[in-house]
Amino acid sequence: MSRVVFHAVKMEYERNKSLGVAPVIPHGPIIVADWHRCPDSKEYFTKIFQKKRRKTFGLLEAPAMPPQIHVDTVRYKIFLAGKSGVGKTALAARLGGSDIPNMHYETTGIETTAVFWPVKLKENGRVLFFKYLFWDCGENALRRFDHLLPSCKEQVDAILFLFSFTDHGSFEDLSNQISRVTDPSDRIVKLVVGTKFDLFMHTDVTEREIASFQETWGLPVFRVGGDVNGGLGEVAPLLNALAEHLWHQDCVAASCVPPSSQV
Amino acid sequence: MLQAEGVQLLCLTASSGVPLFSRGSTKQLPFSVIGSLNGVHMFGGGQGALLSCCETDRGARVVWRVFRDSVMLIAVSSGGDSTVTELQLCRLLENTWNCMVLVLGQEELSNVRNVERLKRDLRSCYRLIDQLLDPGDDESVMGYLTNCADCLLPPNPSLLQEALDAFTQAADSEFGCLLIRGRVAVATEKWWRLVSQEVVLLSLLVRCMSGTTSCDYPVFLPVGSPTVAHRLLRFQLLQGVDVCTLCGPAPSLHHAKTELVGRFWSPLMETLHGLLAQTQHTPVPSIALHPDILALLLINRETSRSLSVPGRPPAVTPQDGVPPLPSSSRRWELLRLFYTFAITRYFTSGEAAAPPAEPLQEDFSQGFCHTPLHCYLVTEECKCYGLQTPQHQLFLLAALTMPTFALRSIATQTLTSITAATGF
Numbered sequence: 001m002s003r004v005v006f007h008a009v010k011m012e013y014e015r016n017k018s019l020g021v022a023p024v025i026p027h028g029p030i031i032v033a034d035w036h037r038c039p040d041s042k043e044y045f046t047k048i049f050q051k052k053r054r055k056t057f058g059l060l061e062a063p064a065m066p067p068q069i070h071v072d073t074v075r076y077k078i079f080l081a082g083k084s085g086v087g088k089t090a091l092a093a094r095l096g097g098s099d100i101p102n103m104h105y106e107t108t109g110i111e112t113t114a115v116f117w118p119v120k121l122k123e124n125g126r127v128l129f130f131k132y133l134f135w136d137c138g139e140n141a142l143r144r145f146d147h148l149l150p151s152c153k154e155q156v157d158a159i160l161f162l163f164s165f166t167d168h169g170s171f172e173d174l175s176n177q178i179s180r181v182t183d184p185s186d187r188i189v190k191l192v193v194g195t196k197f198d199l200f201m202h203t204d205v206t207e208r209e210i211a212s213f214q215e216t217w218g219l220p221v222f223r224v225g226g227d228v229n230g231g232l233g234e235v236a237p238l239l240n241a242l243a244e245h246l247w248h249q250d251c252v253a254a255s256c257v258p259p260s261s262q263v
Numbered sequence: 001m002l003q004a005e006g007v008q009l010l011c012l013t014a015s016s017g018v019p020l021f022s023r024g025s026t027k028q029l030p031f032s033v034i035g036s037l038n039g040v041h042m043f044g045g046g047q048g049a050l051l052s053c054c055e056t057d058r059g060a061r062v063v064w065r066v067f068r069d070s071v072m073l074i075a076v077s078s079g080g081d082s083t084v085t086e087l088q089l090c091r092l093l094e095n096t097w098n099c100m101v102l103v104l105g106q107e108e109l110s111n112v113r114n115v116e117r118l119k120r121d122l123r124s125c126y127r128l129i130d131q132l133l134d135p136g137d138d139e140s141v142m143g144y145l146t147n148c149a150d151c152l153l154p155p156n157p158s159l160l161q162e163a164l165d166a167f168t169q170a171a172d173s174e175f176g177c178l179l180i181r182g183r184v185a186v187a188t189e190k191w192w193r194l195v196s197q198e199v200v201l202l203s204l205l206v207r208c209m210s211g212t213t214s215c216d217y218p219v220f221l222p223v224g225s226p227t228v229a230h231r232l233l234r235f236q237l238l239q240g241v242d243v244c245t246l247c248g249p250a251p252s253l254h255h256a257k258t259e260l261v262g263r264f265w266s267p268l269m270e271t272l273h274g275l276l277a278q279t280q281h282t283p284v285p286s287i288a289l290h291p292d293i294l295a296l297l298l299i300n301r302e303t304s305r306s307l308s309v310p311g312r313p314p315a316v317t318p319q320d321g322v323p324p325l326p327s328s329s330r331r332w333e334l335l336r337l338f339y340t341f342a343i344t345r346y347f348t349s350g351e352a353a354a355p356p357a358e359p360l361q362e363d364f365s366q367g368f369c370h371t372p373l374h375c376y377l378v379t380e381e382c383k384c385y386g387l388q389t390p391q392h393q394l395f396l397l398a399a400l401t402m403p404t405f406a407l408r409s410i411a412t413q414t415l416t417s418i419t420a421a422t423g424f
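Chains as they are written, first to last, in the UniProt record's numbering: chain A, 1 to 263; chain B, 1 to 424.
It is worth saying that the hints were derived from the structure and are not from the lab. Among these hints, one or two may not hold up.
[As the list claims (entries may be wrong)] These stretches of chain B come out as covered by chain A in the derived footprint (C-beta under 8 angstroms, 3 or more residues):
1) 206-220
2) 237-250
3) 258-272
Every value quoted in this text rests on a predicted model; they were computed, and no experiment measured them. Here a beta-carbon is modelled for each residue, glycine too, at the ideal position from N, C-alpha and C.
Full structure from sequences and hints, please.
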């Protein structure tokens with residue numbers, strides 16, 4: 001899927017080259033942070049809402065912009081990995097703005113959730129729709145059926161590793177998960193998400209442990225949890241961070257700069 | 001619905017009576033009661049008697065059934081004001097077992113080696129089982145009771161059928177189905193050759209996943225393939241429109257989604273949008289019902305398909321002197337009760353959908369030497385009329401204002417007009 005983006009970036013790169021502009025891999029933030037709070041984002045963000053709730057988009061659907069505004073859509077496949085019960089399905093629902101199931105049910109196969117997210121690039125003010133496809137697969141199903149994991153990894157652009165703040169085992173399992181689903185040579189965006197952060201009374205994972213994990217693996221850790229009121233504030237940091245990392249990765253790939261330049 | 005009426009479902013190992021799970025009513029039965037329910041069944045078994053159903057004088061019911069000598073399912077309804085029939089409970093047990101096979105496969109359920117592991121694995125069936133107990137707000141879905149696939153008749157099926165056939169073929173499969181709001185709009189020939197319970201369950205599974213965009217689920221077909229899993233690929237084209245196929249190892253979900261869905265379905269987007277709008281209130285947009293019909297259920301007995309069609313919506317302000325019409329959810333409840341009443345008392349002969357264990361009540365229909373073709377019932381809330389032909393069964397609910405003598409001709413005309421117009 002990232003090939004589409006790759007193509008888009010590459011075209012821009014080619015155009016820049018023909019104009020005599022040197023390719024630039026931006027340092028620092030690439031996208032406008034907290035853009036959903038800016039007034040100029042309103043006309044884009046209203047398109048992902050319907051009757052004050054986030055709209056669910058079928059595969060044939062996309063946010064409908066007025067004809068005079070052209071917005072490119074870039075698609076990414078993101079795999080949610082983590083121990084059974086950490087809240088992979090709930091995270092997908094939360095990011096997609098749909099109701100979080102009030103009971104935990106095991107996911108008995110792969111389920112994907114599409115999330116459209118408008119993003120404004122800092123450099124040229126261009127607006128893009130990021131279409132994230134979150135792939136969620138129950139751990140028990142992964143174990144019972146061999147074909148599911150390869151399918152989740154096929155052409156994946158990013159992996160979110162989940163652990164739950166209420167389950168220390170799921171935190172310890174992270175390194176297993178990381179080595180099981182990724183290869184050091186992969187050019188895949190990797191982020192870690194701690195779920196159920198609102199249940200701090202029962203928290204099982206200390207800040208010190210997280211800090212040492214971040215140091216060892218060099219992966220950013222995000223915290224989610226708590227009641228959902230459908231507002232964007234609770235999902236924006238993670239969705240923006242994903243956009244930032246994915247876009248950076250594509251810029252790197254398009255201009256063939258060695259992947260050492262970190263964001 | 002069943003959940004609201006206090007139905008509890010228990011699952012135990014058949015040989016040792018170890019509880020595996022319990023779903024349904026929030027007030028769980030005490031362990032001692034569960035033990036006794038198992039004990040009384042086992043006692044009967046020791047005496048060479050099969051205990052399958054009992055009823056208390058306060059209307060509570062218990063239904064037992066053992067599957068493949070390994071798992072016992074017990075359904076308990078608490079009685080009181082609720083009216084859960086034996087047929088509903090029997091169907092619930094059958095469907096629950098089928099859900100368990102669908103997710104876990106027959107092998108794992110028949111040869112229990114490790115009870116603790118089975119208990120854990122059974123958790124993955126809860127979502128489907130809970131959906132059976134409480135199908136949510138779409139109460140016109142009747143498949144759980146009738147064992148017939150809930151259908152919808154699109155006005156222009158050939159266009160959709162062509163697209164579906166081509167899409168299914170491209171996905172290396174012969175089994176494909178297009179669902180609109182959880183009802184089958186078109187399906188490939190092979191899909192219709194699946195046993196009707198399987199079609200009902202697969203539709204149920206798709207309804208469970210309404211929030212997601214696509215899925216790749218391993219499924220065992222309870223009758224067709226209980227030991228080898230297939231892959232159910234399902235794609236949400238628009239909100240309320242799903243297409244599914246049953247596949248082998250190929251194609252991958254990623255490939256099907258990126259390459260096939262757009263190619264075959266994008267050209268039909270307008271058609272699908274139109275279809276969603278047309279079928280918002282009725283699964284048969286091409287038919288206008290008599291204004292006094294409250295709701296009807298039409299079953300094609302040969303193809304095991306059903307249509308549940310709502311009638312005129314209840315008036316917002318009740319008029320003086322006219323008894324208020326039942327609410328739409330009450331209509332579906334009445335229709336389910338009338339269906340159960342008719343199917344267990346009158347339309348029993350050659351009835352493929354009869355409960356598996358012979359009903360233990362005195363067989364009402366055996367008092368007759370003929371097969372009833374029509375039946376009617378007048379209650380305080382509505383009038384009901386049922387009729388059957390070799391090919392169809394029609395169950396119709398009419399307002400009290402309809403004269404009783406007119407029921408027969410209205411029902412007959414309705415059947416003729418629907419079948420003539422749609423070929424259902």
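**Study point:** Within 8 angstroms of chain A (C-beta), three or more residues of the stretch 206-220 of chain B
**Key:** The restraint on the stretch 206-220 of chain B holds, since 9 of its residues have a Cβ under 8 angstroms from chain A and three suffice.
Practice item. Confirm or reject the coverage of the stretch 237-250 of chain B by chain A under the rule of 3 or more residues with a beta carbon closer than 8 angstroms to the chain's beta carbons. Key: That given contact holds, which follows from 5 residues of the stretch 237-250 of chain B lying within Cβ reach (below 8 angstroms) of chain A.
Point to revise | 8 angstroms C-beta test of the stretch 258-272 of chain B against chain A, three or more residues | key: The restraint on the stretch 258-272 of chain B holds, since 7 of its residues have a Cβ under 8 angstroms from chain A and three suffice.
Going through the hint list in order, the structure satisfies each hint without exception.
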